[in-house]
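J.: Residue numbers (my numbering), protein chains in the order written: chain V, 1 to 468; chain H, 1 to 499.
Think of the hints as simulated: they come from the structure by calculation, not from any bench. Don't take every hint at face value.
Below, in silico cross-link-like pairs of lysine to aspartate or glutamate (EDC-like), each with a Cα-Cα straight-line distance of 20 Å or less [what the hints assert, rightly or not]:
id : chain 1 : residue 1 : chain 2 : residue 2
1  : V       : Lys58     : H       : Glu88
2  : V       : Lys77     : H       : Glu91
3  : H       : Lys100    : V       : Glu74
4  : H       : Lys14     : V       : Glu27
5  : H       : Lys372    : V       : Glu74
6  : H       : Lys258    : H       : Asp212
7  : H       : Lys337    : V       : Glu27
Nothing here was measured: the structure is a model prediction, and the numbers come from that model.
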Amino acid sequence: MTSLQHVNPRVRGIRVSPQNVLQSLAEHITQEITQGAHKPFKEVIDVSSGDPHRAGMKPVSFVRQVLAVCLYPELLKDQSLPLDVKLRAQRLLEACDGGSVGSYSDSSGLLHVRQSIAEFITKRDAGVPSYAKNVFISSGSQKALMIIVRLLASGEGETQTGVLTPMPSPHTLPTLLDEAEVALVPYQLVEERGWAVHLEELHRAVTTARGHCQPRAIYISNPGNPTGHVQTRESMEEVIRFAAAEGLLLFVDEVYQDSMIGLDREFISYKRVLFEMGKEYAETVELVSSHSLSCTSIAECGQRAGYMEIVNMDPEVMHFVDTMLCTDVSTPITGQLALDLMVNPPKPGDPSYDTYTQNAQRAVELLNDLPGMSCQLAMGGIYLYPCLHLPSEFRQLAKMLEVEAHVLYCQKFLEEEGVLGGVGHDGGTASSHHVRLCVHVPPDTMEEVLTRLRSFHLRLMDGHCNSD
Amino acid sequence: MSQQAVNGVPCRGKVLTVDNMNPNVKRVEYAVRGPIVQRAVQIEKELREGVKKPFTEVIKANIGDAHAMGQKPITFLRQVLALCSYPELMEDNKFPEDAKKRAQRILGACGGHSIGAYSASQGIECIRQDVARYIEKRDGGIPSNPDNIYLSTGASDAIVTMLKLLVCGEGRDRTGVMISIPQYPLYSAALADLGAVQISYYLDEEKCWSLDVAELRRALNAARQHCNPRVLCIINPGNPTGQVQSRQCIEDVIRFAKEEHLFLMADEVYQDNVYAEGCKFHSFKKVLFEMGPEYSSTVEMASFHSTSKCYMGECGFRGGYMEVINMDPEVKTQLTKLVSVRLCPPVPGQALLDLVVNPPQPDEPSYATFMKERTAVLSALAEKARLTEQIFNAVPGITCNPVQGAMYTFPRITLPQKAIDKAKEEGKVPDMYYCMRLLEEEGICLVPGSGFGQREGTFHFRLVWLPASLLPPVHIQTSKSFNLMRFYVTTLYCLNPDD
C-alpha cells in the first residue's frame, strides 16, 4: 500500500499555507449559512486574493460576446450582437486550427495571439521591439514562472539553485518554489519607504546565500504584489545592474501593469528600462517578464491564460521552454483568445480604474485612522497590505494557540465578521504582522469590508476578543 | 564567467545554458511535436511563400486533433458554453431550454456566477458530483465518491500530477514506473522530467497489441535489479496502437498489480472510441469491483478521462478528470495539497466536462439532435478505422493490426536494406528517415514509431486517420493515401529515380 513515506519528498516538502486552512474554513462557514446556521453576517466576503468576478465585478461584455461567438459560430448570424464583435470573432476563429476553439494550438500558443502580444508590447514600450518568437503563452503566469524555475533548478544542498524572493512576496510563490525544489532566498522590502527595493539588501541576501545554495535568479514583482509599490526607473536600473553583476536571471512579474492607483507614478516595463540602458545590458541580461489574463481589468481568472516574453536567453535553452509547454499540450484556446482581446481592446482605457483608485484611497485613509494599524499608500497592484501593531495579550494568545498572530487575526476576522483576508507573508519576522486586502471589488463591497474591519479591529484592540 | 568584449560590449557568459540547466528537463522529448512537425510547419511556410512542391498542402496526421482535421463540434455543448460565456444570451430563443438550464446550473456553481472566477483547486463541487454519478451509471451502479474526483487541465495534467506524487527514493530504491511499448510520449517525457525509472513492457504485435501478463512479469523482474517498481500505467483503448483490451486481460492486469503491490494508472481517454466487432470498453474500476472485495478494497488505482477525444474532440478546452481509488488518506492529503499549487483547472473546460457527463436526456429538447450528431461522429470514426486497416493491409511491406479503437494506427513497415543504409548515412533512425521523405515528397506528416517505442529492429509509424483528405472518397487512385502507398511501393522496390 502506498503510504506517506512513499510520497515524493518534493511534494511533501511543499509547505502548507495557512491561507489554505482559512480558505477551507471560509467554505465551511458558507456551507453552514446555506444550511440555515445563524451568523452575525449574511455572507462571507473573500478579499484574500484577486478574483474580481467572484467579488462581484461584471465581466467585460465585449470579451464575453466575442468568446460566445467563437464558441458557437452560429451566433455570427445573430442580429443582436454588434458588428465589431462578429468581425473580431471571425478573425480569431480564422487563427484557430480548423476554425474551432476545440483544437489544440502550438504549445507556445496561437501564432496570431503571440503576434498581437508582441505588437502590444512594442507599442507599450514606445517602440522597443518585441517578437512573437520570444512570446510564450501558458495556462496562467504561474505556469510560466514554474517553467523558468524548473529550467534553472539543479543541484542539492550547497549547490541547490536559489531564487532571490522579495519579502513580502505573492502568497502563492513560496509553494511554487517548494514544488520546483529550489531554495527561497529572501530579500526584505523596506516598509518605511513604501516597500521599496534596497540595493544593499539585495547584496546582503545574495552574499549570505552563497555557501548555502547557488543563487541563479532574482524574482521581483512590479507593481508589487502584495505591497502595491511601483518602482522608479532608477530602482529598476539598480536591479538590472545587480542581476548582471551577480549572474542572475531576472524574472519580473508584471501582471499588475494595468492596475495603477492614482497618478503619482507611471508603469514602465523592465524590458524598456533594460533596452534604454544601452547595449552592455540590453544585449546580455537574461530577462523574463510575465503578464496574465487574471490580473487586468478583464480579470478572467477562470480562463487560465498568461504569457511570458523571454529576452536574451540562450536559444538552445529556449527550445526547452517549448518542450516543457508540450506537457500541457496547449493553453486553453478561449483563454488565448481572451489574451488577444486583452492586449487589443476595442477602446482604450477603462472607467473601472477610477473605482479602484477610489477604493484604495478610501481604504488607506480608514486603515491609517485605526489604532494599531498602519498602511503604506499603494501606487499599483490590487492589494493593500496594512501592518498590524497587535497588543501583546493578543500575541500571547496566538503563541498559546500555536498559530502566528496574523493568522489568528484573519481567522477571528473571518469567524466574527465573515471577511476572509489574506495572511501576510513576512519571511517569518516575529515582530511584524500584515494582512492582505484586495481592493478590486465593487465599491459597496469595499465599504462593507471596511465597516466590518473597523468594527472587528476596534473590538480587538479594546481587548474584547470573543473567546473560542 | 569570462568577459570578452565584442564590438565594445562585454560578453558575460549566459546565466542559463544547456550545460547548467536542469539535467532532467534536458532528457524530455515529445515526438508528436518534435523535429518532423517542425519541418512540416516550415514546409507550410514555404508553400505560403510560393515555393513549388509536389503537393499543395501538408496533411498533418501527427496529432489526435479532431477539430483541426474537420470534425464538427457538438451543437449542444457549444450552445451551453456560449450561454455560460455571455449569459445575456439566455433571452435569445434560438437556444433550447435544456441548454439554458444547464448553463444556469453551472453558473450558479461559479464564483460571482462567472466562468471567469477561480474555482476550488480540486474542481467545482457540483461538477465533481456529476462526474461521480456518470461513473456510477457507466459502471452499472458501483459507487463513486465525488471526493475522489479531481478535475484537471486535460488528462495530461492529472497523469503528470500522479506520477509526480508517486516518484521517490534514490539509486536502487528509485520508483520504477511500468509503461507499454509503444506508448504515448507524455509518459516517457514525464518520467524523464521526474527522474523516475521507466520500466518498458512490450505489447504483443502478433496478437493485436494485446497485453500479456507474462511480459509484465518479465519486465518487472528485470527492473527489480535496479529500481523499486511501484506504478503500472496502461492506456486502454491504446495510443498509438488503438487496441482495446479484453476483459480477461484487464482482470489479469489487476491481479498482477495486487500481487506485485503496484499502483495502477488507467488512461481511459478513448473510452468512447471503440469500433471493432467483438470489442468493448471495460473500465478498470468496474472490473476491479466485480472481482470482489479482496481486490476492490485493496488495489490502488487512478483512472483518467478527458474532453479531448471520444465524440467531442474538444482538445482546446483542456477538460479532464481523474478518479482515485483506495488511496491512503495521508497520501490523498498530499495530492490535494499538490493540486492546490496550480490554483485551478480552466473553468470552461470544467463546464464542458459537466456537459459530457450530463448530456441531454431522452425527454429533453436537444436530445434528438445531440444523439444524431454523436452517432454521426462515432460512425464516421468507425468507418475511417475500417478503411485505414483495409488500405494499409493492401500494401506489400505494410502490416496493420485491426484498428479496434482510439484514432490511430501503428502499422509496421518493412524497409529495404538500401533505405536503412541511407538512413544511417544521414544519421537518422530508419523510420524517421522514411517519415521525413514522406513529408518532403508527399506532404504527409506522420510520427515515426521510434517516438513511441518499438521492438528493436522493427519500424513503425503512427498515423492519425482523422483527416478527411487522407482517405479515399471512392476512387483509390485519387486519394492521398494512394500516394502514401505509391511512395511506399517505390521505396520498397527502389523504383525511385533519385535513389
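J.: If any of the earlier hints don't hold here, list their numbers in rising order.
T.: 4
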